[in-house]
Amino acid sequence: MGIKTWALKKSPWVFHLNTGSCNNCDIEILDALTPRFDLERFGILLVGSPRHADALLVTGPVTMQAAPRLRHVYEQAAKPCLVIAVGSCACSCGIFDGSYHIVGPVDKIIPVNIYIPGCPPKPEAIISGVMKALNSL
Amino acid sequence: MTIIPIGPYHPSLEEPELFRLTVEGEKIVDCDWKTSYNHRGIERIAEGKTYDQCLFLVERVCGICSASHPIAFCNAVEDMAGIEIPERARYIRSIIAELERLHSHLLWFGLAGHYIGYNTVWMWAWRYREPILYLFEKITGNRQSYAMMKVGGVRQDIKDEDLPDIMKVVDDLEPKLNMFIGVALDDPVLAARMKGVGKFSREDAINYCVVGPTARAAGIDMDVRRDEPYAAYDRVDWKVILGESGDVLSQAVVRLLELLESVKIIRQCLREMPHGPISVEVPEILPGEGIGREEAPRGECFHYVRSDGGNCPVRLKIRAPTYNNIPTYKVRVIGETISDATIILASIDPCYSCTERMIRVVEQGRETMGWSDLLTLSQEKTKRIMREMGFNEEDAFRGLRI
Ligand code: SF4
Chain A
1 MGIKTWALKK SPWVFHLNTG SCNNCDIEIL DALTPRFDLE RFGILLVGSP
51 RHADALLVTG PVTMQAAPRL RHVYEQAAKP CLVIAVGSCA CSCGIFDGSY
101 HIVGPVDKII PVNIYIPGCP PKPEAIISGV MKALNSL
Chain B
138 MTIIPIGPYH PSLEEPELFR LTVEGEKIVD CDWKTSYNHR GIERIAEGKT
188 YDQCLFLVER VCGICSASHP IAFCNAVEDM AGIEIPERAR YIRSIIAELE
238 RLHSHLLWFG LAGHYIGYNT VWMWAWRYRE PILYLFEKIT GNRQSYAMMK
288 VGGVRQDIKD EDLPDIMKVV DDLEPKLNMF IGVALDDPVL AARMKGVGKF
338 SREDAINYCV VGPTARAAGI DMDVRRDEPY AAYDRVDWKV ILGESGDVLS
388 QAVVRLLELL ESVKIIRQCL REMPHGPISV EVPEILPGEG IGREEAPRGE
438 CFHYVRSDGG NCPVRLKIRA PTYNNIPTYK VRVIGETISD ATIILASIDP
488 CYSCTERMIR VVEQGRETMG WSDLLTLSQE KTKRIMREMG FNEEDAFRGL
538 RI
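The listed protein sequences correspond, in order, to chains A and B. For the first sequence, the positions run 1 to 137 when the working numbering is used. For the second sequence, the positions run 138 to 539 when the working numbering is used.
Looking at chain B on its own, in the form it has when it is part of the complex (with noise of 0.2 Å):
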């Protein structure tokens, strides 16, 4: 047997991160991952910030998703304080959140490209992906990071006179997805390379509780943006994908026809959106606590804030698609050949600088907690704050208790 470090640094991930893969012969028999080496305690910075300031703070948990972390963001403090925000705010979230869709995918399918020798694929793609860029930064100012979303609405407004140079720009792009998409699924290198590799089953995709693109592609019917609506996508036509198999082709399918529907969604909204304000008036925040969910393009992005009626957050919990997808990665590359190996851990499209956590303290040199020290602090902490809101353990939870 022989073990195979892939990473930290390694020129095939763009982030870093190890795995150890132990290898009998080409066959994998048994992996291991390390992470944390990105993280950045966003969440306890958040504590210092006010919710404006946590607004570009969760847009940087990871660049690619700089429209879905604040939007759920904005879900979770907008059942905080229960604010409604106007309909062309709703709109406009929508277009954004699903030109992100179109980025990240098409960004996805050229990595998986370059991952598996494919380098026409990469340069194509991103070369598609341009033209997307070029709308966010005539929308919104920036090429990435868009600082689009606010607290109650959108920060900018979509003027009318651009409307038909984004419409020209998203009529242009869906004939060469079209193209694009007939040829990949046509393409016999490609479906050699990605057909039954990595397969992943109904039964354990539910065991493992993978979301979005995942899921879909093991044949799991489930999206956000249709199960508990935000923005306007109750207002407008579009369906769920879903695949079958859940091996590495279906992903890509899944992904793909993906497209599709963003450029169905972004079209709609643009023909439809109402015009008059984009945000309204926050009111004072009081304290409580709320949820957003999101469909990120790699799946269910979950915000949690918690307020004690101060100006920032006190806690914020953040927990991103990558999370719930990553470990799948054991028992579908467990089996197949080492040469697989990049192109299923890429299936998941996995992005580890939202997913990074981290369980050790060390001082100087020694570490002087673990994990089991943690655990035990955390629930201390948990037990002080529930005696400073006012309430005994016995109370907390009797809701649940059947």
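With the rest of the complex left out, here is chain A (with noise of 0.2 Å):
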């Protein structure tokens, strides 16, 4: 392990992104950082650039008009970075496949490490997604 993966296991910083989501999944993110699941034990911390960044958490499928500023998110991001699609949306598409304004899921346009499925995903399954991506590394 170099010691650029070891940094970044001890306490991963992560950029939350919303590219089309319908809130929920966002709600869910932001649960998870509150007292009943309280992520912040695990040195997990919500930043406001994606410079600082060691991962991206991106819910919602990708519109037309966020996909060039995802694609711009992720290379300003400082690599290794991982990428974590949260919800069924961020996935695949979900139930907005199909439409006009959707250019895809978020895979298409930028790479993704984990992914973790579910209308929203509960907050343990946030937890549980983030903590087995930290784990592959």
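Just so you know, these hints were derived from the structure itself, not from any lab. Quantities reported herein were computed from a predicted structural model and do not represent experimental measurements. Please note that the accuracy of each hint is not assured.
Simulated crosslink set (SDA-like; lysine to any residue; CA at most 20 Å straight-line) [as the list claims (entries may be wrong)]: (1) B/K171 - A/P68; (2) B/K467 - B/I143; (3) B/K275 - A/G118; (4) B/K313 - A/T34.
Starting from two chains that each stand alone, build the complex the way the hints lay out.
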């Protein structure tokens, strides 16, 4: 394990990006940070800039407006950077598949490391997904 | 003059949205906003889905209002088909809708606290929100996106043996809410940050056609639950909460006091709910149109449905409350300092995913259609439909001419 991976596993900071979601997935992500689930005890912190992030949590199907911005944010993030697709929409477009304003699921735009299905996934599922992503490094 | 862009991906905005604030020193002199990052074309998708499938779709217009949109849609279809839902289903719909209001208002209050740098309020409010999500999971099986409504009633019953547990959660919640409200309203810091900020007169409220708590905070007495009762709201005792000044504080007060009203409604519904069937057989849906209104946590949610007698609606039109409320941001924010910009925006409890509209058509990087072309297309479509339905333009609006 190189020093970069070691540091990444210790306390991953995440950046949350909504590319067209219905809000539920985003709320469940925030919920995972609040007292009942308290993700911060694993050293996971939500940060305000992709440049500070070790992982991107992407929710929602990628809309036409969001696609170039998603690519841009991914380019800005320091590598190695985990990409975690949260929710059925981010994994496969879910119920919005086939709409005129949707480009596709997240992995059509940027490479994805971990998929967390569910509509919305429960905070437990999100936590377990993030931990799996970290353990896979 | 400086222009400060906020967004589209900004840490304090949960959803993508772009605001451009023009400032002179500390003072905001103008603002502009750009939307449609989250437009998903739901109305178009709905035209290819059956009425049952549409319910799951409209539930995902906005995650927070995942009871309001289905209820409004059911109201619209039931209005169109002339369906009368059973008494027990009415009570269950009210219970779910009020639980949703509890969770949504607490969520809002937490975020409002976060926006003004009071993270304790955020953590607190969200902690008290968890028991409500527990109730949702118990009753419907889901924490969010409850999948509870169906045309002609509700999908699941509330079991009698679950009632004591549900009652207990609600009973436990009330003293906490009271304490929470007391502390929040007495807090000098919150008052200093919210009182007199983002003022909004009654006239402005009327001119901008605002709805929901935003309107009630400015003293406009309106609430769909009372004015056009659906579900069981005319069968229980509750009151509409009004504010006076329309500033951020009065919006907070209206929402906080509504929490207690919601608890009151839920308690009465649980107690008085009659036994019986929870849904009726839906007859064949004939050509026609219907409207459904619902008081969502953020204000009136409106659905329009038209059918040609087939399995799917030929048109579904959704107007969510934020669509009316958000233009007020401009009048409220001008003249305030830049540090108050976020809390003023947050005070209407904006939800962008329901508000997104799209008016551009781009092909291979070139704009092929602008607003006016789309308008013409839309008008032509109406004319074409009229012709197909067999009446001409002259006749169509005769009833409206004086
Ligand atoms: S997966 Fe479900 S909850 Fe998440 S954004 Fe998509 S529709 Fe909403």
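Agreement of B/K171 and A/P68 with the hint, judged by alpha carbon distance not exceeding 20 Å
Status holds; Cα separation ~16 Å.
Are the Cα atoms of B/K275 and A/G118 separated by 20 Å or less?
Distance ~18 Å between B/K275 and A/G118 Cα, so the pair holds.
Proposed proximity, A/T34 with B/K313 (alpha carbon, max 20 Å):
holds, 18 Å
For a C-alpha distance cap of 20 Å, please report whether B/K467 and B/I143 respect it.
Roughly 15 Å between the alpha carbons, so the hint for B/K467 and B/I143 holds.
Figure legend: structure checked against the earlier numbered hints; every hint is met.
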